[in-house]
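**Q** Sequence:
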Amino acid sequence: MNTATGGEETGGRSLRAQMASELRERLKEGRPLRVYLGADPTRPSLHIGHFVPVQKLRVWQELGHQVVFLIGDYTGLIGDPTGQSSERKRFTHEQLMEMAKDYTQQVFRLLDPEKTEVRFNGEWLSKLSFAQIIELAAIFPLKWIVSRRDFADRLARGESLRLHETLYALMQGYDAHALECDVQVGGYDQHFNLLAGRWIQEHFGRKPHICWTYPLLMGTDGRKMSKSYGNSIDILDTPEDMYGKCMRISDDLLPSYIDLTTNFAPAEAEALKARLREKGVNPMEIKKQVATNLVTQYHGAEAAQAAGDQFQRVVQDKALPDDIPEIALPAELAGAPIAWVDLIVALNLAASKGEVRRLIAQGGFYVEQETITDPAATRAPGGTTLVRMGKRRYFKIVG
RNA sequence: GGGGAGAUUCCCGAGUGGCCAAAGGGAACAGACUGUAAAUCUGUCGGCGUACGCCUUCGAAGGUUCGAAUCCUUCUCUCCCCA
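Residue numbers (this note's numbering): 5 to 403.
These are computed hints drawn from the structure, not numbers from a lab.
Hints are supplied without guarantee of correctness; some may be wrong.
[To be verified] In the DSS-like style, the derived pairs of lysine-lysine whose C-alpha atoms are separated by at most 27 Å in a straight line are:
hint: 1; residue 1: Lys291; residue 2: Lys231
hint: 2; residue 1: Lys228; residue 2: Lys211
hint: 3; residue 1: Lys32; residue 2: Lys60
hint: 4; residue 1: Lys231; residue 2: Lys105
hint: 5; residue 1: Lys357; residue 2: Lys60
hint: 6; residue 1: Lys211; residue 2: Lys292
hint: 7; residue 1: Lys322; residue 2: Lys291
hint: 8; residue 1: Lys228; residue 2: Lys400
hint: 9; residue 1: Lys119; residue 2: Lys105
hint: 10; residue 1: Lys119; residue 2: Lys60
hint: 11; residue 1: Lys211; residue 2: Lys119
hint: 12; residue 1: Lys291; residue 2: Lys357
hint: 13; residue 1: Lys131; residue 2: Lys211
Build out the structure end to end from the sequences listed, making use of the hints.
**A** Written as structure tokens, this is what we have:
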């Protein structure tokens, strides 16, 4: 059964079409729908890739539907095995509750706390009896579980796969049932977990919820978005960083960013994507609109405007940024001329003298906006000196 | 428990006695150009020295050798196959 395999190829057109038609039916009921997103608080800091469903939840919220944000304090005890190539590190309930604080704080950058129902799945999962778990477990043919690509791969490679991991989907599915929701949103990889909710709801004679999933958002360079790749845009980024990182999105990824991260009205989004396909249109202009939209969502229109202005000034017009960090010279370095190479290393602004020399040799070291070409150049003591290393690392050395 | 493969500079990955600070790719950094911090092109990419050079590095510790990432011994860890 195709829909049970849980991989990114699942679902397919027919399922999506079915979900769309079920959603249309449900909307005809004319009441606010309960739309839920669950997340396990197993990561300390989040990026906009994690936030694609959150961003969509906000759209639902703005349309007047009841949005539920579920914190997986119990599912987090297992850790979602979806897409994992090995057993996950497990957290204690205390750790999870601690991380949940940061988590909700970040989520409320987008969602309206007043209008959001926040729940913890420990509320019901902790109360299930063994008999109830048996009943739930009986819903899932083992074949569905072991044919999921992630599990199948691990089994094929002879790697550890433990029973508790196979229960994850059951737990998430039960959440959907307990929350009596109409729609569950999630990443595309969550198909299996979302469908589990439908099976459980159907088992209990309920109308199954609609599964609404979103494709994976790639990092700004086209690889998987990950903090360690340095290609992520993080929820807690400053407006300037967020804007700048948006401008760094590869041109060909722009359409997916428009779809997944902005809250343009559908027609507007389509228009932007159409513009991108036109000849002679500078993608930069559209990228700026995406950046402004994104920063506005997280920081407000004013901050977005300011960030855009700063980008224009600093990057495009190559002017000085607003606040350049000042570095006061420690006593032992002050008072005498010192070679730039030594100074920069002493201040920990570079890992080695060779690195600074290289920068100078390549014409990327500037003092008071003048390129330094002599690797032995020194700085005279006293006063404030503006230093620029490379494209955008500015410092003021004082003392 | 038995058999096999492997651990290389940030990552992947070549390298089986000197030409190896170590191919190639990726990332990163710089410069050029541009339509942006995109794309493209060029360069750099262990440390110290202006420099012929010196020092440290190829899982760990020893050993063989004029000379080892490459050979031997032991150890640690990882993966695969069989039971």
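**Q** Measure nothing beyond the straight line between the CA atoms of lysine 231 and lysine 105; if it is 27 Å or shorter, mark the hint as holding.
**A** holds, 20 Å
**Q** Given the hint that lysine 357 pairs with lysine 60, does the C-alpha gap stay at or below 27 Å?
**A** violated, 49 Å
**Q** Please verify whether lysine 228 and lysine 400 have alpha carbons no more than 27 Å apart.
**A** The hint is violated at about 36 Å.
**Q** Between lysine 228 and lysine 211, is the straight-line Cα distance small enough, at 27 Å or below?
**A** Measuring from Cα to Cα gives roughly 36 Å; hence the hint is violated.
**Q** Please verify whether lysine 322 and lysine 291 have alpha carbons no more than 27 Å apart.
**A** Given that 27 Å is the threshold and the Cα spacing comes to 19 Å, the pair holds.
**Q** Take the C-alpha atoms of lysine 131 and lysine 211, compute the straight-line distance between them, and say whether it is at most 27 Å.
**A** holds, 24 Å
**Q** Assess, step by step, whether the Cα of lysine 211 is no farther than 27 Å from the Cα of lysine 119, and give holds or violated.
**A** Judged against 27 Å, a Cα distance of about 25 Å means the pair holds.
**Q** For the pair supplied as a hint, lysine 119 and lysine 105, is the alpha-carbon distance within the 27 Å limit?
**A** Holds: lysine 119 and lysine 105 sit about 18 Å apart, inside 27 Å.
**Q** Taken at face value, is the distance from the CA of lysine 292 to the CA of lysine 211 at most 27 Å?
**A** violated, 43 Å
**Q** For the pair we were handed, lysine 119 and lysine 60, check the Cα-Cα distance against 27 Å.
**A** Holds, at roughly 15 Å.
**Q** So if I understand the rule, the pair passes when the alpha-carbon distance is 27 Å or less; does lysine 291 with lysine 231 pass?
**A** holds, 21 Å
**Q** With the threshold set at 27 Å, check whether the alpha-carbon distance from lysine 291 to lysine 357 stays at or below it.
**A** violated, 38 Å
Comparing the model with each numbered hint stated earlier shows that hints 2, 5, 6, 8, 12 do not hold.
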